[in-house]
Amino acid sequence: MKFSDLILQTAAKVLVFIIMTFSIYILFAGHHNPGGGFIGGLITASALMLLYVAFDVETIQEIIPVDFKVIGAIGVLMALLTGIGAIVADVPFLTQVYRYVDLPLLGKTGLGSALVFDLGVYLAVIGTTMTIIRSISEDM
Amino acid sequence: MTNLAVLPIVTPLLFGVLLFFVRYRIRLQMGLATAGTLATLIFSALLAHTVSKDGIQVLHVGGWEAPYGIPLVADMLAAILVTISSVVTLACLLYAFHALDDERKRNYAFPLMMILLCGVNGSFLTGDIFNLFVFFEVMLLASYVLLSLGGGRIQLRETIKYIVINIIASSLFVIAIAYLYSITGTLNMAHIAQRIAELGQDGLTTTVSLLFLTVFGLKSALFLFFWLPGSYSAPPAPIAALFAALLTKVGIYSIIRTFTLIFPHQPQITHEIMMWLAGLTMLLGALGVIAYWRIKQILAYNVIVSVGFILFGVGVASEAALSGAVYYLIHDMIAKALIFILGGAIISIAGTDKLREISGLIHFRPILGWLFFLSALALAGVPPLSGFVGKVMILQGGVQAKAFVLVALGLLSSLLVLYSVMKVFINSFWGETLLSEGEEKSTGKGALLPSLILAALVVGFGLGAEEILAYVRQAVEPLVDPSIYIEAVLS
Chain A
1 MKFSDLILQT AAKVLVFIIM TFSIYILFAG HHNPGGGFIG GLITASALML
51 LYVAFDVETI QEIIPVDFKV IGAIGVLMAL LTGIGAIVAD VPFLTQVYRY
101 VDLPLLGKTG LGSALVFDLG VYLAVIGTTM TIIRSISEDM
Chain B
1001 MTNLAVLPIV TPLLFGVLLF FVRYRIRLQM GLATAGTLAT LIFSALLAHT
1051 VSKDGIQVLH VGGWEAPYGI PLVADMLAAI LVTISSVVTL ACLLYAFHAL
1101 DDERKRNYAF PLMMILLCGV NGSFLTGDIF NLFVFFEVML LASYVLLSLG
1151 GGRIQLRETI KYIVINIIAS SLFVIAIAYL YSITGTLNMA HIAQRIAELG
1201 QDGLTTTVSL LFLTVFGLKS ALFLFFWLPG SYSAPPAPIA ALFAALLTKV
1251 GIYSIIRTFT LIFPHQPQIT HEIMMWLAGL TMLLGALGVI AYWRIKQILA
1301 YNVIVSVGFI LFGVGVASEA ALSGAVYYLI HDMIAKALIF ILGGAIISIA
1351 GTDKLREISG LIHFRPILGW LFFLSALALA GVPPLSGFVG KVMILQGGVQ
1401 AKAFVLVALG LLSSLLVLYS VMKVFINSFW GETLLSEGEE KSTGKGALLP
1451 SLILAALVVG FGLGAEEILA YVRQAVEPLV DPSIYIEAVL S
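Quick mapping for you: the protein sequence lines, in order, are chains A and B. For the first sequence, our numbering assigns the number 1 to the initial residue and increments by one for each residue that follows. For the second sequence, our numbering assigns the number 1001 to the initial residue and increments by one for each residue that follows.
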């Protein structure tokens, strides 16, 4: 029996953008407000999950042709590189740099190397969550 | 180099993550894994050298001074153990290149071994008790996957037991840390030790210390070892060798660290209990050692006996006994890896681990046979080899503390250990050969290089005991007098 998921699919297309935007906001808000890489990654993964629920696995795999295991490894590598940067600069491991920079659009913005670490956590969480979900669904 | 203390942790992790990107290129993986472990070994040896020259190395991660940040503390004990675990991992990797099948190699066996090394090194080097928990979990998660990798029926069954027992132990660990945090208000081990020394170790703190003893006892198979024989005989030989050499030793190290640094004030309660648990561990382990006719089980019970023996030395807690315990700990990491690798080679040649079905291997594989003989003697503690010095010092300490029953138990268990490994040697290497030339299941050649490295270390640690003891004495100094450690971290 084939039944149409029109409402679910249409709603998902809109909702995914909202959820993705919210997750990016949460990721960048982490330094001063509740949020950060872990929760941001989970929200992004839940947006991707919504796509998997509304459409089928093959379609999504075509649209987002990435190996999430590699995404996770890139995340860990990014987090590790912020520490290795400190080793190269000969300051204690994971020492963070925080500077105010004048960016073209955003004006005076505080940029810290903790953000790179958080991006690493963000990618690692997405990679792990999506790997778990995808490998469970593949075995069915 | 300000960051020397963190390099033995970061290097294996970095290479382990890099290996994820070259999943299907096995030769490249082998090269990278070897390079990573070698680099770790070099950094660890450099760290040990620096510590021997300049004293305890403390790195305040992120530049936050103790007690507010996480310190990495490399005293001599940690530096030695990190070096030895890198050597052992290198040997197990070299054996794994030959002994693991392609399916496991493609499914991240090597990166997981590197991450296991990262967890082990981190546990040895950290100076923060919650960070110790985190590195325990890094190590355990890698070991869960390595144990189940391959998905045989026995492996899956034993993995479930192993995961359940370790999750229970880990949650107890968190609860114990929560209690300790509510008593002292700090997580830095040196700071905790200082506060407990100021307040005096009252009944509540002693209870928490016994909770820690339970947790680390579960992890290191001290008396609570019921999970170990099954899960250590399930995985393939190189992984079992890695487990036997490293995992229980991290638990032992944690007991040594917590009970010499944080809870040394009520030895008539805590150390007394520890000694009796150690005695029971030796006794039950020795019973297990003689009971079985399968190589894997005999070797697994051997792990338990040595845990009991080392913790007997820790329980006595005199300088002689602690030096003996540290020396025996170092010896045991190497010797256990060696005998597990050789045991794995025997099983792979004969195609079975039932002793009664193996016979006369010495006709085909004389070098393996004599290496096994050597490692059996080292395990039992026969004089020119590395097991001897540690055993003598622990027993000396025991006699000085008038724990004669436990000394007798220790000697008896040594005898039974010798009997059990000789049983393996005599049954599998002597006698009429059951296999004709070319009928053996594998050549066993892959085991030669790693076991030669480890055997050279076993002989070297026995003959060069005088030089090694200088390092061991330096390692024991902060154990006997924790104020050295506390001052190094907090000043």
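Simulated from the structure, these hints should not be mistaken for lab results. Predicted model, so just to flag it, every value in this text is computed and none were measured. Built from N, CA and C at the ideal position, the CB exists for glycine as well. Be a bit skeptical, because a hint or two may be false.
Here are the simulated lysine-lysine pairs, DSBU-like style, with alpha carbons at most 35 Å apart [unchecked claim]:
1) B/Lys-1161 <-> B/Lys-1354
2) A/Lys-69 <-> B/Lys-1161
3) B/Lys-1354 <-> B/Lys-1445
4) A/Lys-69 <-> A/Lys-13
5) B/Lys-1445 <-> B/Lys-1161
6) B/Lys-1105 <-> A/Lys-69
If you only want the chain B side, here are some residues facing chain A, beta carbon under 8 Å, derived [said to hold, decoys possible]:
7) Tyr-1024
8) Gly-1151
9) Ala-1169
10) Ser-1170
11) Trp-1293
Across the chosen pairs, the derived CB separations fall in these ranges [said to hold, decoys possible]:
12) B/Arg-1473 <-> A/Tyr-98: 39 to 49 Å
13) B/Asp-1102 <-> A/Val-53: 30 to 40 Å
14) B/Val-1134 <-> A/Val-53: 27 to 37 Å
15) A/Thr-21 <-> B/Leu-1028: 34 to 44 Å
16) A/Ala-29 <-> B/Leu-1490: 47 to 57 Å
17) B/Ile-1183 <-> A/Asp-56: 29 to 39 Å
Evaluation of the provided hints:
| no. | hint | verdict |
| --- | --- | --- |
| 1 | B/Lys-1161 <-> B/Lys-1354 | holds, 24 Å |
| 2 | A/Lys-69 <-> B/Lys-1161 | holds, 27 Å |
| 3 | B/Lys-1354 <-> B/Lys-1445 | holds, 21 Å |
| 4 | A/Lys-69 <-> A/Lys-13 | holds, 25 Å |
| 5 | B/Lys-1445 <-> B/Lys-1161 | holds, 33 Å |
| 6 | B/Lys-1105 <-> A/Lys-69 | holds, 16 Å |
| 7 | Tyr-1024 | violated, 12 Å |
| 8 | Gly-1151 | violated, 12 Å |
| 9 | Ala-1169 | violated, 23 Å |
| 10 | Ser-1170 | violated, 19 Å |
| 11 | Trp-1293 | violated, 39 Å |
| 12 | B/Arg-1473 <-> A/Tyr-98: 39 to 49 Å | holds, 45 Å |
| 13 | B/Asp-1102 <-> A/Val-53: 30 to 40 Å | holds, 36 Å |
| 14 | B/Val-1134 <-> A/Val-53: 27 to 37 Å | holds, 34 Å |
| 15 | A/Thr-21 <-> B/Leu-1028: 34 to 44 Å | holds, 40 Å |
| 16 | A/Ala-29 <-> B/Leu-1490: 47 to 57 Å | violated, 36 Å |
| 17 | B/Ile-1183 <-> A/Asp-56: 29 to 39 Å | violated, 55 Å |
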